[in-house]
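Fit chain V to the known structure of chain A by using the hints.
Chain by chain, the residues run as shown.
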Amino acid sequence: MSLRTILRKELLWSRHRALALLFVLVLLPAAFAGASVFFQSTLPKDAPVAVVVEDDAVSGAEYDVVAASFRLFSKPVRYDSEARALRDLERETVYAVVSVPPDLGDPAVDRVNMTVTIDGDMTPYREPSGALVSVVSATMNRQLDTRVVVDREVRGEERKLASYLLPSFLQILVFTFAFAYLPYNLASEEAVLDRLRVETSLDAVVAGKLLFFTGLLAVPLLVFHGLGLGLGYGVNLLAPGAILAYGLTFLACGAIATAVTFASGFGTTGRLLNVLVLFAFLGFSGLVYPAGFFSPLRRGVVRLMPTHYAMVVVRGTTLRDLPPAEFGTWLGGVALFALAALVPLKLAMIAYERGT
Amino acid sequence: MAGREATDGDGLPDIPRLDPGAVAPIRVEGLRKRYGNVLALAGVDLTVEPGAFHCLVGPNGSGKTTLLRTLLGLVEPSAGEVSVPDARLGTAFQRPSHYDQLTVADNLDVFGALADADAAWAETVLARLGLDVVRDRIAGELSGGYSRKLDLALALQKAPAYLLLDEPLGELDDVTKLRLLEFLGAYRDAGHGVVISTHNLGQFASYVDHLTIVHDGAVLLDTPRESLDVPDGELQELYVERILSAASESDGEG
Numbered sequence: 356m357s358l359r360t361i362l363r364k365e366l367l368w369s370r371h372r373a374l375a376l377l378f379v380l381v382l383l384p385a386a387f388a389g390a391s392v393f394f395q396s397t398l399p400k401d402a403p404v405a406v407v408v409e410d411d412a413v414s415g416a417e418y419d420v421v422a423a424s425f426r427l428f429s430k431p432v433r434y435d436s437e438a439r440a441l442r443d444l445e446r447e448t449v450y451a452v453v454s455v456p457p458d459l460g461d462p463a464v465d466r467v468n469m470t471v472t473i474d475g476d477m478t479p480y481r482e483p484s485g486a487l488v489s490v491v492s493a494t495m496n497r498q499l500d501t502r503v504v505v506d507r508e509v510r511g512e513e514r515k516l517a518s519y520l521l522p523s524f525l526q527i528l529v530f531t532f533a534f535a536y537l538p539y540n541l542a543s544e545e546a547v548l549d550r551l552r553v554e555t556s557l558d559a560v561v562a563g564k565l566l567f568f569t570g571l572l573a574v575p576l577l578v579f580h581g582l583g584l585g586l587g588y589g590v591n592l593l594a595p596g597a598i599l600a601y602g603l604t605f606l607a608c609g610a611i612a613t614a615v616t617f618a619s620g621f622g623t624t625g626r627l628l629n630v631l632v633l634f635a636f637l638g639f640s641g642l643v644y645p646a647g648f649f650s651p652l653r654r655g656v657v658r659l660m661p662t663h664y665a666m667v668v669v670r671g672t673t674l675r676d677l678p679p680a681e682f683g684t685w686l687g688g689v690a691l692f693a694l695a696a697l698v699p700l701k702l703a704m705i706a707y708e709r710g711t
Numbered sequence: 067m068a069g070r071e072a073t074d075g076d077g078l079p080d081i082p083r084l085d086p087g088a089v090a091p092i093r094v095e096g097l098r099k100r101y102g103n104v105l106a107l108a109g110v111d112l113t114v115e116p117g118a119f120h121c122l123v124g125p126n127g128s129g130k131t132t133l134l135r136t137l138l139g140l141v142e143p144s145a146g147e148v149s150v151p152d153a154r155l156g157t158a159f160q161r162p163s164h165y166d167q168l169t170v171a172d173n174l175d176v177f178g179a180l181a182d183a184d185a186a187w188a189e190t191v192l193a194r195l196g197l198d199v200v201r202d203r204i205a206g207e208l209s210g211g212y213s214r215k216l217d218l219a220l221a222l223q224k225a226p227a228y229l230l231l232d233e234p235l236g237e238l239d240d241v242t243k244l245r246l247l248e249f250l251g252a253y254r255d256a257g258h259g260v261v262i263s264t265h266n267l268g269q270f271a272s273y274v275d276h277l278t279i280v281h282d283g284a285v286l287l288d289t290p291r292e293s294l295d296v297p298d299g300e301l302q303e304l305y306v307e308r309i310l311s312a313a314s315e316s317d318g319e320g
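Sequence lines, in order, name chains A and V.
Our numbering puts the first residue of the first sequence at 356, with every later residue one more than the last.
Our numbering puts the first residue of the second sequence at 67, with every later residue one more than the last.
Treat the hints as calculated values from the structure; they're not laboratory data.
Note that the structure is predicted; figures quoted are calculated from it, not measured.
Any given hint could be a false lead.
One-sided excerpt, in silico: chain A residues whose CB lies under 10 Å from chain V [what the hints assert, rightly or not]: (1) Asp458; (2) Val547; (3) Arg550; (4) Leu551; (5) Arg552; (6) Val553; (7) Glu554; (8) Thr555; (9) Asp558; (10) Gly710.
Label pairs and their computed distance ranges (CB to CB) [as the list claims (entries may be wrong)]: (11) A:Phe634 - V:Arg201: 43 to 49 Å; (12) V:Asp240 - A:Val381: 33 to 39 Å; (13) A:Asp558 - V:Arg83: 32 to 38 Å; (14) V:Glu207 - A:Ala375: 27 to 33 Å.
Every residue, glycine too, gets a C-beta built ideally from N, C-alpha and C.
Isolated chain A (complex conformation):
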C-alpha cells in the first residue's frame, strides 16, 4: 500500500533528522511553555517607583508609611533627590516619582497633598498608575489620621499607544532582520564561501555582510519615520541616539545569528536555534511593556538584556527628544555587547573553517 510506504519513508526521514525534530518538537515547545512563567500577572505589581525624601523634616516612620502603601502594586526605591528621580523616570529605571511631604504623621495637620508623577510617554503605565494612585490613597487614609490627597501628575503630553509603539515595532523589525533574514541570506550564499575564502578571507566576507545589512536598516528607518510623520505621531526616529541604538542592536544580534549559523554548519538546527533566540530577544527586551510588568522574574531577565537598554535609549531619544549623551553609559554598554558578540562569531568561524 503506497500510503504505508510513504509513512515508512517519513519514519526513516525522522530517524535521520532526530536532532532537528528534538529541537522542534521538544526544546521549542518546552521553551515556549517555560517562558509562560515570566508572564504570571498582567499588572505591574513590582514596578519600581521612586520615593523621594528631600526634606529633613520627613521622619523615617513617615517614609515607611508611604513606602508601605506603594508596596502592594510596586517596588518603592528611596531617592534623596527629586532631580535624580525624575532623570531615572526618563530612563525607565523607575516608572513613577512620589515625594514624601513633611507633616504626614502630624495629627495637627488636617490635610496633606502628595503627587505621583508619571511620564506621559510611558503609555503602558498610564492605566496601572491610576490604579496605583487609588490604592495608595486608600491605604494611606486608612493608616493615618491626616487626610492624604494623592494626585497623579503626567509629565509631558499623554502619548497615544499607536505612536508609543512605532519605535518598538522598528526594533522588532531589527531583531527579525538579524535573526531571520541575515542567516537566510548567508545560507543562500554558502556555496560561494569556499571561493571567497580563496580570494579573500571569511572575516572580510562576514564583516562586509554585517556592515551592508546594518546600512540597509536606513531604509526601514526612513519608511517608519516617514509614516510616523504622515500619521502625525510626533516621533523622531532619526534621532542620532536612536539610530546608534538600532545599529548597535543589529550588529550585536547579527553577530549572534551569524555565529549560530556558522556553528551549525548552515544546518537546520542553526536556523531553528536562531528562531528561538529571536523569540527570547522579542520577549525579554522590554519592547512594549517596560521591565516592571508581568513578573519579578521577567523584570530580572529584562534588566540583564543589553537590548532592553537599547530600547530605553530609543524611547528616550525618539519619544522624549532626550540627547544621546543622556544615555552615554547605556549606549556604551550596548556597543560593548556588540563587540562581545563578535567573540562567539569569530570562534564559530574558526570552527567552521576547521570543519570544512
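Here is chain V on its own, set in the frame of chain A:
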C-alpha cells in the same frame, strides 16, 4: 608532450604567457588530515611543478579533494607541511561556487575586483569559454554546463599561476569538454600549472604531464607521464589496475 598546439589561430586574444621558471613549485610533505576517526590523508608527499598538467586521480573518497582543498588553504592539515608559492591560485570546485542571484557579468565583476583581474583578459576568458552569450543571464538560471564554465571563468580571470580544478568536466557535453580541454592545454602551454582532481583519467590522458594516483588517503603512484610506457588510450586502464591491485592487497591484509 601531448596537446601542445598553438594558442593562437582561433581569432581570440592570446593567453598571457608566464615563465614557469619564475614560479616556485607547490610542495607537500608528510601531509595528514584527520576528520574525527576518519583519516582522509595519511602522509602525502607531492610536488606540483609550474607549467605542468598534473592529474590527481583516485576513486571517490580517496582523499584527492581534501588534498586539493589543503593546497588552496581551505583545509588545515593535522600534520605535515604544505608550501604553496606566493603566486595566484585559481580554482573551480565540484559544486557550483558563484553568486546564483547575480548575472554572469556581475559575478565576473565581483570576483575580478577581488582578484584585481585584468579587464581585457577577463573578456578573453568569457569569449574563450563561450560565456559571452549568457553574460546577462542570472547565474542561478544557467544550465549545469554553463554554470561549470562560469566557475572556470572565475578561476581563470586572474590568470593564476596554478589552476586547481576538481572534476572540471562533469556535466559538460562532449563538444564543450573537448574545447575546454584544448583551452586547459593551451593554458598549460602558456606556462601556467594545471592541477586536475578526477576519477576519470581517460578524459585528460593526452594532456597529462604528471600523474599522481591517490588511494585511501595515500599516494599509490607519483610519476611523470613520460616514465609510463603506455599509450594515452591505456592510461585509464593502468590507473584502474593499480587501484584494484591496491584494493585487493588491502582486503588481503584485512
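These are the hints, each one checked on the structure:
1. The closest approach between the C-beta of Asp458 (chain A) and any C-beta of chain V is roughly 74 Å, which is over the 10 Å cut-off, so the hint fails.
2. Because the beta carbon of Val547 (chain A) sits about 6 Å from the nearest beta carbon in chain V, less than 10 Å, this interface hint is met.
3. Given hint, Arg550 (chain A) at the interface with chain V, holds; its Cβ is 4 Å from that chain's nearest Cβ, closer than 10 Å.
4. Below 10 Å, beta-carbon pairs count as interface contacts, and Leu551 (chain A) has one with chain V at about 8 Å; its hint therefore holds.
5. Restraint check, Arg552 (chain A) versus chain V: the minimum CB separation of about 6 Å is within 10 Å; hint holds.
6. For the restraint placing Val553 (chain A) at the interface with chain V, the shortest Cβ-Cβ distance is roughly 5 Å, inside the 10 Å limit, so the hint holds.
7. A cut of 10 Å between beta carbons decides the hint on Glu554 (chain A): the least distance to chain V is about 4 Å, and the hint holds.
8. Interface restraint check: Thr555 (chain A) against chain V, minimum CB-CB distance 6 Å, threshold 10 Å, status holds.
9. The closest approach between the C-beta of Asp558 (chain A) and any C-beta of chain V is roughly 14 Å, which is over the 10 Å cut-off, so the hint fails.
10. The interface hint given for Gly710 (chain A) holds, since its Cβ lies 8 Å from the closest Cβ of chain V, which is under the 10 Å cut-off.
11. Against the hinted window of 43 to 49 Å, the Cβ-Cβ separation of Phe634 (chain A) and Arg201 (chain V) comes to about 45 Å, which satisfies the hint.
12. At roughly 53 Å, the beta-carbon separation of Asp240 (chain V) and Val381 (chain A) lies outside the given 33 to 39 Å, and the hint is violated.
13. A C-beta distance of roughly 35 Å is found between Asp558 (chain A) and Arg83 (chain V), which places it inside the suggested range of 32 to 38 Å.
14. Between Glu207 (chain V) and Ala375 (chain A) the Cβ separation comes to about 30 Å, which falls inside the hinted range of 27 to 33 Å.
Going through the hint list in order, the structure does not satisfy hints 1, 9, 12.
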